[in-house]
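There are 2 protein chains.
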Amino acid sequence: MGDTRGSILRAAIHQFAESGLQQTSLRSIAREAGVDPALILHYFGSKRGLFLALVRQKLDEVLAGLLGDVPPTKDIGDLLVARFLALWDGDRRLFAALFRTAMSDESLASLLRTELLAELVRRVAATHSTEAERRAALALSQLMGMAVGRYVLGIEPLASADPEEVAADVGPTLTRYLLRPLPPPARPGGR
Amino acid sequence: MGDTRGSILRAAIHQFAESGLQQTSLRSIAREAGVDPALILHYFGSKRGLFLALVRQKLDEVLAGLLGDVPPTKDIGDLLVARFLALWDGDRRLFAALFRTAMSDESLASLLRTELLAELVRRVAATHSTEAERRAALALSQLMGMAVGRYVLGIEPLASADPEEVAADVGPTLTRYLLRPLPPPARPGGR
Chain A
1 MGDTRGSILR AAIHQFAESG LQQTSLRSIA REAGVDPALI LHYFGSKRGL FLALVRQKLD
61 EVLAGLLGDV PPTKDIGDLL VARFLALWDG DRRLFAALFR TAMSDESLAS LLRTELLAEL
121 VRRVAATHST EAERRAALAL SQLMGMAVGR YVLGIEPLAS ADPEEVAADV GPTLTRYLLR
181 PLPPPARPGG R
Chain B
1 MGDTRGSILR AAIHQFAESG LQQTSLRSIA REAGVDPALI LHYFGSKRGL FLALVRQKLD
61 EVLAGLLGDV PPTKDIGDLL VARFLALWDG DRRLFAALFR TAMSDESLAS LLRTELLAEL
121 VRRVAATHST EAERRAALAL SQLMGMAVGR YVLGIEPLAS ADPEEVAADV GPTLTRYLLR
181 PLPPPARPGG R
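Sequence lines, in order, name chains A and B. Take the first sequence: its position 163, counted from the start at 1, is 163 in my numbering, and no numbers get skipped. Take the second sequence: its position 90, counted from the start at 1, is 90 in my numbering, and no numbers get skipped.
You may find that some hints are simply not true.
[Unchecked claim] Chain B regions said to be covered by chain A (calculated; three or more residues, Cβ under 8 Å):
| no. | stretch |
| --- | --- |
| 1 | 47-61 |
| 2 | 79-91 |
| 3 | 132-138 |
| 4 | 169-179 |
Keep in mind that the hints were calculated from the coordinates and are not lab data. Only a predicted model underlies this, so the values are computations on that prediction, with no experimental measurement involved. Cβ atoms here follow ideal geometry from the backbone N, Cα and C, with glycine treated the same way.
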């Protein structure tokens with residue numbers, strides 16, 4: 001039973017990465033998973049329900065892989081970038097498909113904001129309690145931009161550089177955003 | 001004549017920002033511009049041709065506004081971010097619509113890569129000739145991520161922070177990417 005659910009999710013991830021949300025049908029997922037389409041509806045309610053379950057599973061993997069057991073060292077940025085690339089370099093098409101969907105689907109965008117960002121904020125606050133929201137938003141902006149350049153737009157040399165090189169280039173940015181003093185927030189009438 | 005072409009482009013930008021590429025019809029653009037739909041085809045060939053003309057015009061504005069007369073000062077990053085926000089803060093919906101389309105349209109993505117990136121590289125090379133491609137790709141990754149967080153995903157506090165505050169936070173990242181020494185490139189077998 002749990003294995004059937006897992007097979008459906010794996011087939012869905014595979015087909016979604018290949019064809020995107022619109023072009024993927026429950027029927028073709030059912031065929032690849034070797035189950036009846038009615039079983040997918042039984043487990044997930046709808047294609048959209050299946051898709052959100054898939055995102056949630058991937059998000060859990062990313063959160064565990066990215067944020068699990070991160071020491072607040074001075075190389076935290078390099079470490080986060082290296083982990084992010086280790087998670088997604090082998091799954092570039094899935095990243096691109098997920099990102100495209102998040103761009104045009106408000107409920108997925110909202111899931112990313114509330115879950116991914118909230119967890120980042122919680123972790124940042126644990127090591128550096130001042131302005132955790134601001135730090136997490138900045139770190140996420142650089143991680144997203146890096147991933148879009150590397151996986152979606154294919155901007156060279158970022159797209160094919162060794163992960164170590166990308167981590168060395170981009171890591172210090174995340175370290176600064178997460179741990180270093182930031183400029184004082186603007187005050188109304190100030191600056 | 002030139003003014004008719006301009007009216008069509010302005011109407012197209014307005015409707016495209018409101019409804020996205022798919023939902024915008026030549027007919028409704030023609031209505032807003034007060035012209036016959038056949039005239040749009042005469043000038044632009046197709047809805048896609050009109051869209052690419054719109055992107056090219058916006059790209060020229062962005063390049064001129066962003067890169068025109070940038071002194072290679074130590075605050076170059078703050079200046080670039082401030083100019084980027086001055087260009088797009090008033091046009092958030094258009095940015096989001098353009099970015100969404102670029103994510104799923106390879107020919108638009110390719111236009112951004114070749115035009116925007118090539119120009120960035122040319123400018124970076126003019127002030128700092130080593131590794132202009134690498135520096136430009138990194139700078140673009142942070143600018144894009146910042147814009148996606150602020151305009152598309154609405155990640156707070158990045159989405160509603162004062163432009164001056166965002167420039168102070170993100171600017172130093174661009175300055176480092178564009179002007180500061182970067183780690184030596186990874187060599188095969190090295191590191």
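Hint check results:
1. Coverage of the stretch 47-61 of chain B by chain A is violated [criterion: at least 3 residues with CB-CB distance below 8 Å; count 0].
2. A count of 0 residues in the stretch 79-91 of chain B with a Cβ less than 8 Å from any Cβ of chain A is obtained; the coverage claim is therefore unmet, three being the minimum.
3. Counting residues of the stretch 132-138 of chain B whose CB lies closer than 8 Å to any CB of chain A gives 4, so the stated coverage by that chain holds, three being the minimum.
4. Coverage of the stretch 169-179 of chain B by chain A holds in this model, with 6 residues showing a Cβ closer than 8 Å to a Cβ of that chain against a need of three.
In terms of the numbered hints stated before, the structure departs from hints 1 and 2, listed from lowest to highest.
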